[in-house]
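Protein chains in written order, with our numbering: chain A, 1 to 266; chain B, 1 to 374.
Hint data in this document are derived by calculation from the structure and do not stem from the laboratory. We put the CB at the ideal spot given by N, CA and C, even for glycine. Please note that the accuracy of each hint is not assured.
Said to hold, decoys possible - Below, in silico cross-link-like pairs of lysine to aspartate or glutamate (EDC-like), each with a Cα-Cα straight-line distance of 20 Å or less:
id	chain 1	residue 1	chain 2	residue 2
1	A	Lys157	B	Asp10
2	B	Lys280	A	Asp235
3	B	Lys193	A	Glu76
4	B	Lys280	A	Glu99
5	B	Lys280	A	Asp98
6	A	Lys48	A	Asp235
7	B	Lys193	A	Glu77
8	B	Lys280	A	Asp93
9	B	Lys193	A	Glu103
10	B	Lys193	A	Asp235
Stated by the list, open to error - Far from chain A by the CB rule (all over 10 Å, computed), these chain B residues:
id	residue
11	Phe6
12	Lys29
13	Leu112
14	Leu137
15	Pro229
16	Phe284
17	Met353
Said to hold, decoys possible - On the chain A side, residues computed to face chain B include the following (Cβ under 8 Å):
id	residue
18	Thr23
19	Leu75
20	Asp98
21	Arg101
22	Arg102
23	Phe108
24	His110
25	Asn112
26	Phe114
27	Trp129
28	Gly132
29	Ala136
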Amino acid sequence: MSDVSVAKVDREIVREKMTVSQTEVAIEIIGMNKWYADFHVLRDINLKVMKGERIVIAGPSGSGKSTLIRCINRLEEHQQGQIIVNGTELTSDLRRVDEVRREVGMVFQHFNLFPHLTILQNLTLAPIWVRGTPKAEAEETAMKYLNRVRIPEQALKFPGQLSGGQQQRVAIARSLCMNPEIMLFDEPTSALDPEMVKEVLEVMINLAEEGMTMLCVTHEMGFARQVANRVIFMDQGQIIEQNEPEAFFSNPQHERTKLFLSQILH
Amino acid sequence: MSDIAFVRSDMVPSKPAPGRTTGFAAWLKENLFASFGDTVLTLLAILFIAWIVPPLFGFLIGNAVPPGGTVEQCRVENVGACWAYIGSEIEFFIYGFYPMSEYWRPNIVFALLVLLGAPMLIPSVPYKVINAVAFFLVMPVVDTILLSGGMFGLREVPTEQWGGLLITLIISVVGISCSLPLGILLALGRQSKLPIVKTLCIAFIELVRAVPLITVLFMASIMLPLFMPQGTSVDKLMRALVGVTLFSAAYMAEVVRGGMQAIGRGQYEAASALGLGYWKSTAFIILPQALKHVIPGIVGNFISLLKDTSLVYIVGMKDLLEAVKTKNDAIEWASPTQSVTGYIFAAAVYWVMCFSISRYSRYWENRLNTGHKR
């Protein structure tokens, strides 16, 4: 199982295929602020993500990085400013929220698979009931993505019978079954045993090579170097620094960024 | 340093677990006579069984008068249970005052309940949707027409004449089938973000749970007619049905809410992130897990509902227990063990029904176990 992924993560990564569109905007965040009661969690966020970008968001815990990406599919509400995803602005209008959620996939730290459903049912539920895809077609798509994440043989098992890495790969496949334009990753490898991190990263790299627009909150700096076209560093609810990965890691500008990098890179 | 270095050269193969000591004697030794204390307890238990079983056997079987016996046999000194009394009154216990010539109508109702109910309960039987429509929509209509009569040339039988096991089963089945969905709606309402819905649900649940069932039954008898247009009267059975159902639904709501609280936020978020709306994520993700967590609580409610049906005598219905109580005073069977036998019979019927429900719920708990505790 792991020998395959180790071999593959160490392979040459084909960055040429990861093209960033010059014209098509995937996400635009303008002057966004968010509070939890009186606590100002996100401050004056401005961010424009072009189609095909792979952005890694890093920062100390409590810096607001998870909250930021959770605002993009409105798992969290923002109180000020604008968030426009795929041309749809997120407001309290539930129809628009559902419209955005259909097009934006999300992968969670703790997988959040549905434990009472088989893997196959986990993958087909949303396509069938949200998109109205016929069952046979949804299952065919599901098997295609299970093949892509290399666990087709687990289709009829329940999530509780799978390892953490397998569950996270199922979670990625579950999002892909909705055929999303954008994928959000909220610390996808933080809850995994070290041996299983690579198999999940490998799947994410494949996605990037297919041109998926990705926002990843992660502490995997190797992944950031290899895949991201932009690294964003956050602290105290604000974007402190952003740059191309090479420059970000070799020549950080802000004091806080330098401190952070010196703590995590050895 | 070198003396702590270690490299394994041969992997340890997996070996079978050490065999348990088997055989009857070993079992006895391990389970009954493991220590001095255990031995004493075992002997005491054996003595207790020896003391209680023979007289019980004598009363229930040995000295008992079997069905078909006469009342004179039941009046002998030191007689056991008077099953002859049960045998001769069994029709009253089942049908109450339902006219004897019309017994075939309740019999069809019982048959329908078994024929449509059993396949509902066995998961492997196909056509569940048709089955459910037949059970929950068609059967109540057919049963009502069949039992009440007054149309299709059937003689009219007012609900005052229905009684016994028939009434107990009607109230139980209707109460169980209606209180669970109603309870789920109340639980969802209580968790709702809409303030009016939420307040109404909380008010209903807390009000109903804070009063005894007898009060609810009285209120259903007295309050319901007040809401009805002048001149119409609400059937007594209907009042009891409404009262029992609402009462049970309030308890059910709290049990279901307990189950929903065990569902982590991640499940709601994952469902939302996939674009599932409130009703779809509730129906496919939250409720199936929540209900599974609280099967024991739900079934506990079913069982107490079934036994609480014996309280409807308070509004003048002759359910199974009340029918038995009525006949316990019947002079033609007056004998020393008449009423004890009657109560034993009633208890046995309730026990069979409740124990079946309990076993059935165990079956579902095991069936739904997907080996996932997260």
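Going through the hints against the structure:
no.	hint	result
1	Lys157(A) with Asp10(B)	violated (34 Å)
2	Lys280(B) with Asp235(A)	violated (37 Å)
3	Lys193(B) with Glu76(A)	holds (16 Å)
4	Lys280(B) with Glu99(A)	holds (15 Å)
5	Lys280(B) with Asp98(A)	holds (12 Å)
6	Lys48(A) with Asp235(A)	holds (19 Å)
7	Lys193(B) with Glu77(A)	holds (15 Å)
8	Lys280(B) with Asp93(A)	holds (18 Å)
9	Lys193(B) with Glu103(A)	violated (26 Å)
10	Lys193(B) with Asp235(A)	violated (33 Å)
11	Phe6	holds (22 Å)
12	Lys29	holds (39 Å)
13	Leu112	holds (32 Å)
14	Leu137	holds (24 Å)
15	Pro229	holds (40 Å)
16	Phe284	violated (6 Å)
17	Met353	holds (29 Å)
18	Thr23	violated (27 Å)
19	Leu75	holds (5 Å)
20	Asp98	holds (5 Å)
21	Arg101	holds (4 Å)
22	Arg102	holds (4 Å)
23	Phe108	holds (6 Å)
24	His110	holds (6 Å)
25	Asn112	holds (4 Å)
26	Phe114	holds (6 Å)
27	Trp129	holds (5 Å)
28	Gly132	violated (12 Å)
29	Ala136	violated (19 Å)
In this structure, the earlier hints numbered 1, 2, 9, 10, 16, 18, 28 and 29 are contradicted, and the remaining ones agree with it.
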